[in-house]
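Taken in order, these protein sequences are the chains called F and D.
Read in order, the letters of the first sequence are residues 1 to 202 in this note's numbering.
Read in order, the letters of the second sequence are residues 1 to 202 in this note's numbering.
Hints are computed from structural coordinates only; laboratory data are not their basis.
Mixed in with the good hints, there may be bad ones.
Treat identical chains as interchangeable: a pair holds within one or across any two.
Listed next, the in silico DSS-like pairs over lysine-lysine satisfying Cα-Cα at most 30 Å (straight line) [as the list claims (entries may be wrong)]:
#1 K55 to K121
#2 K169 to K77
#3 K169 to K122
#4 K77 to K121
#5 K77 to K122
#6 K55 to K3
#7 K9 to K55
#8 K9 to K121
#9 K55 to K122
#10 K9 to K122
Number of protein chains: 2
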Amino acid sequence: MPKLSEEEKTARREHVLAGARRCFARHGYDGATVVRLEQEIGLSRGAIFNWFPTKEDLFIELAARDRERLSRVWIEKGVEETIRTLLEEDPDWLGVYLGVAHRLRTDEEFRRRWHDTPAQKKLQRQLVARMREQQAAGELRDDQDPEQIGSFLGVILDGLAMQRAAGFKPPVDAVLALIRDALAPVKDRTRARRSASAAPPS
Amino acid sequence: MPKLSEEEKTARREHVLAGARRCFARHGYDGATVVRLEQEIGLSRGAIFNWFPTKEDLFIELAARDRERLSRVWIEKGVEETIRTLLEEDPDWLGVYLGVAHRLRTDEEFRRRWHDTPAQKKLQRQLVARMREQQAAGELRDDQDPEQIGSFLGVILDGLAMQRAAGFKPPVDAVLALIRDALAPVKDRTRARRSASAAPPS
Numbered sequence: 001m002p003k004l005s006e007e008e009k010t011a012r013r014e015h016v017l018a019g020a021r022r023c024f025a026r027h028g029y030d031g032a033t034v035v036r037l038e039q040e041i042g043l044s045r046g047a048i049f050n051w052f053p054t055k056e057d058l059f060i061e062l063a064a065r066d067r068e069r070l071s072r073v074w075i076e077k078g079v080e081e082t083i084r085t086l087l088e089e090d091p092d093w094l095g096v097y098l099g100v101a102h103r104l105r106t107d108e109e110f111r112r113r114w115h116d117t118p119a120q121k122k123l124q125r126q127l128v129a130r131m132r133e134q135q136a137a138g139e140l141r142d143d144q145d146p147e148q149i150g151s152f153l154g155v156i157l158d159g160l161a162m163q164r165a166a167g168f169k170p171p172v173d174a175v176l177a178l179i180r181d182a183l184a185p186v187k188d189r190t191r192a193r194r195s196a197s198a199a200p201p202s
Numbered sequence: 001m002p003k004l005s006e007e008e009k010t011a012r013r014e015h016v017l018a019g020a021r022r023c024f025a026r027h028g029y030d031g032a033t034v035v036r037l038e039q040e041i042g043l044s045r046g047a048i049f050n051w052f053p054t055k056e057d058l059f060i061e062l063a064a065r066d067r068e069r070l071s072r073v074w075i076e077k078g079v080e081e082t083i084r085t086l087l088e089e090d091p092d093w094l095g096v097y098l099g100v101a102h103r104l105r106t107d108e109e110f111r112r113r114w115h116d117t118p119a120q121k122k123l124q125r126q127l128v129a130r131m132r133e134q135q136a137a138g139e140l141r142d143d144q145d146p147e148q149i150g151s152f153l154g155v156i157l158d159g160l161a162m163q164r165a166a167g168f169k170p171p172v173d174a175v176l177a178l179i180r181d182a183l184a185p186v187k188d189r190t191r192a193r194r195s196a197s198a199a200p201p202s
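Same shape as in the complex, but just chain F:
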C-alpha cells in the first residue's frame, strides 16, 4: 500500500464511514453484510477493515459521532435546536439504532464500548458545566441535577427518534412548549402563563 499523508488518511477514513452509514441506513445493522459494505463504500473488505477492524467498530464510531454532534448543538445552541437537529435526521438511519437495541441490552462488551468513548465523556462534562451556568443564570430550573435533566431529554430524544423511524409525525411544537415549561425556572413559566391569560380572547 502506498504511504498516505495524514490528510489522505483522514479523507479515506471519512469515505469509509460515510459509505458505511449509507449501507446501515439502507439495510439495517444486521442486513449490512460485508458484501454490501464493499459495494456501498466502493472498497474491498481488506481496505475497509484496515480502518475499522469490524462492522461493530464502524457502527460504534458512527453512533459516537451522532451523540457528539447532538451534544455540541445542545451546548452551543440549546435544547430546542438539538431536538430540531434530531428531527432532520434520515429516518432510515435512525431506524438502525432500533435494530441494535437488543444487542445493546444483551451484549455487555458492546454496551461498554457504546458508553465509554472518551470524546463523549468529555462532551458530557461540558454539557453538565453548561447546564450549571444556565442554572446559576436563572435560565434553567435548579431543583434538578443537570444529570437528571440530561437523562430526561435523552428519553425525549429517543422517543422522537423512535417515532421518526416508525414514520409518525411527532408533535414538535407541543413537545417544545411542554419541555420549555418542564425546564424553565418557575418565574418564567408564570410570566408566560400570565401574558397568555392577559391576551384578548381570539
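With the hints as your guide, set chain D onto chain F.
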C-alpha cells in the same frame, strides 16, 4: 372440528395470543416464523390461523391490546401510573415494537391497520374527555390541547420503551418530576417550588 362454546372460543383465542406474544418476544417480529409460532403456541398452523389469518393479524391485535391497556391505566390512574406500567413490561416484548418500526413507516396498509382499531379510537375519545375534565378542575394545564398533551406523553412513552429495550435504566424519578411540571397548571408548580425554597437547607 367440534363445536366450541363462546367461552371455549375466547379461551382458545387468548391461548393463541399469549403464545404469539411469547414467540415475538423471544424471536422478534421477523424471527417469529410459522414453525416457531406453532411450537410456542402448541397448535398447528391451521389451528392458529383459524383465529388470526396472518402473523400480522396476531401482532396488530397484541399491539392494540397494549395500547388499550395503557390508555385505560391513563384514564383511571393518571400519567405516572401509566409510565410505571410501561416500565414493568418485558424488555424483550418492548423490543418487538422496535423491529416493526421500519414496516410501519414504509407499509401503508400496515400503518392504517395499526392506527384504526375501533377500541383504540373509543379509548382515545375517553382519554381526551378525561383530560378536559382535569383541565376544567385545574388539575392539568389548559393552554395546550389534550391531543397535544397526549402526543407529548406518547413521545415520552416511546422513549422509555426504547431505553428499556436497549437495557438502559431510564431516570424514572426525574422523568416523573419534570413531566409533572410540564403538565401542571402554573399555580401548582409555583407552590411546589416555594415550599422547596422554604425548606431548611439540608
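_Please list, smallest to largest, the hint numbers that this structure does not respect._
none
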